[in-house]
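J.: Residue numbers (my numbering), protein chains in the order written: chain R, 1 to 412; chain L, 413 to 491.
Just so you know, not all the hints are guaranteed correct.
[Claimed, not checked] Short, incomplete list of chain R residues facing chain L, as computed with Cβ under 7 Å:
hint : residue
1    : V23
2    : F28
3    : F124
4    : L188
5    : S190
6    : P289
[Said to hold, decoys possible] With a straight-line Cα cutoff of 25 Å, these simulated BS3-like cross-link-like pairs (lysine-lysine) come out:
hint : chain 1 : residue 1 : chain 2 : residue 2
7    : R       : K195      : L       : K472
8    : L       : K463      : R       : K195
9    : R       : K195      : L       : K436
10   : R       : K230      : R       : K39
11   : L       : K450      : R       : K281
12   : R       : K227      : R       : K363
13   : L       : K450      : R       : K278
14   : R       : K39       : R       : K195
15   : R       : K227      : R       : K250
16   : L       : K414      : L       : K436
17   : L       : K472      : R       : K8
18   : L       : K463      : L       : K414
Worth flagging that the hints you see were computed from the coordinates, not collected in a lab.
Note that the Cβ used here is the ideal one computed from N, Cα and C, for glycine as well.
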Amino acid sequence: MNIVRALKCRECGHEYEIEPTHVCEFCFGPLEVVYDYDKLEGIFTRELIESRPQTMWRYKELLPINGEPTVGAQNGFTPLVRARRLEKVLGVKELYIKNDSVCYPTLSFKDRVVSVALSKAVEFGFTTVACASTGNLAGSVAANAAAAGLESYVFIPHNLEQGKVLGAGIFGTKIIGIEGEYDDVNRLCSEVAGKYGWAFVNVNVRPFYAEGSKSLGYEVMEQLGWKAPKHVVVPMASGSLCTKVAKSIKEFIQLGLVEDNGTAIYGAQATGCSPIAKSVKESTDLIHPVHANTIAKSLAIGNPADGYYANRIIRESGGWAEDISDEEVVAAMKLLAETEGIFAETAGGVTLGCAQKMIESGKLPRDESIVLCITGNGLKTQEAVVDAIQKPRIIGASLKEFDALAEADGVK
Amino acid sequence: MKLRVYLTFNTATVREPIIWKLGKTFDVMTNIRTAEVKENTGLVGLELEGKSDVVEAAVKWLTEQGVHVEPIEQNVIEG
Ligand SMILES: Cc1ncc(COP(=O)(O)O)c(C=O)c1O
Ligand SMILES: [Zn+2]
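Please model the complete structure; the sequences and the hints are all you need to start from.
T.: Here it is in structure tokens:
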């Protein structure tokens with residue numbers, strides 16, 4: 001059943017028909033998909049959801065497509081891991097990791113947003129899709145477009161990690177490196193989007209695209225045993241994921257699928273690009289654009305489109321935001337790998353590192369459930385940790401040499 | 413052409429009559445569609461309409477004044 005009602009301006013409330021557009025004609029405010037939840041009463045139950053395949057589409061009624069997805073039908077439904085070893089290190093009672101570093105098919109949560117954006121693009125009749133990306137989105141658009149037989153153009157800053165460039169190029173997409181930062185890429189793309197008749201996932205189909213992030217929140221609640229978490233920590237670039245996790249919880253409460261647990265939302269950024277965290281910490285609601293300088297390139301958006309809304313959601317929910325240095329990012333990536341066996345990308349280091357800092361400062365209580373959203377895979381950002389890990393010790397192929405090494409290690 | 417932009421003003425620029433100056437300096441029609449101005453910062457949604465080269469020059473001038481200019485989307489390209 002399709003319960004999508006309209007696109008609605010987040011500022012003035014004006015409603016628009018469902019079409020590939022993203023700004024309000026009246027006030028330039030961003031448009032958001034709104035639904036008639038009443039229509040789902042008594043139909044959209046836990047039992048129905050549980051009976052469906054384990055993909056993000058088990059919640060399809062709450063995603064803005066008509067009928068079945070045509071792109072990315074297998075995406076989503078990643079593990080929620082109880083992080084017992086990390087709990088001990090951090091000194092907290094109940095910690096979970098939502099592990100989207102293994103999201104299908106391109107190992108980041110972007111596969112969620114892209115499958116919605118491209119399914120919608122196909123519905124609208126587009127044959128070429130495109131995006132401005134800090135890396136993960138490019139790979140996801142390229143892969144999902146390839147699998148769906150769509151042409152794709154992806155625009156990235158020219159100095160991205162090798163793994164991200166390769167992880168998009170392999171899919172035969174047209175990959176364009178722009179001299180400049182992500183914000184320059186984005187600026188160009190909003191012009192390109194106006195001129196070429198393409199579906200730009202984060203420009204003209206952005207309202208649909210962004211809704212895909214809600215599936216991460218739905219899954220967390222289902223995996224917690226149909227419970228909303230008390231505290232969720234989310235990495236922020238544009239701030240979209242942060243707002244959509246909050247929306248997912250509100251929707252499940254409204255539909256009676258979970259009880260209101262007073263969930264507080266926490267945002268995480270790297271200090272070298274922390275316009276949203278800064279605005280929260282300074283208790284203002286206007287975001288000052290910054291020039292990004294951090295190894296957490298996937299989060300390096302200096303002028304975040306949803307910054308204002310992320311800020312508001314964090315503060316209204318009783319959460320907080322934090323930022324950490326690049327050294328702390330690397331340390332947190334190692335900590336996550338060594339305690340939980342999860343190799344997350346820099347954004348994951350940001351999330352864990354900021355959580356750690358907020359636990360120490362008392363902003364995150366130690367005795368209530370915390371969920372960390374780990375959203376990307378470490379294999380794509382190897383540059384960040386290559387100098388921080390132990391190199392293999394080289395020995396000859398002789399037992400004698402190994403015995404000497406073992407003895408030096410104190411092995412009995 | 414018609415260009416829709418967001419302008420962000422900082423502490424140094426927020427008290428200046430920059431949009432008025434813009435209208436005096438360039439032959440463009442300015443139409444403020446949304447605005448939020450505080451002590452240290454301001455955000456204005458502005459529509460600029462005029463000849464393409466004049467609109468482009470006006471945007472360049474705004475940047476030179478220290479205003480952060482973010483195009484929203486150029487969906488109507490004329491002339
Ligand atoms: C790995 C990863 N995590 C988090 C984000 C943040 O996403 P958003 O722009 O929704 O804040 C991104 C965005 O590129 C990302 O690549
Ligand atoms: Zn509006």
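J.: Sort out which numbered hints this structure fails and list those numbers smallest first.
T.: Of the numbered hints given earlier, those the structure breaks are 3, 4, 9, 10, 14, 17, listed in rising order.
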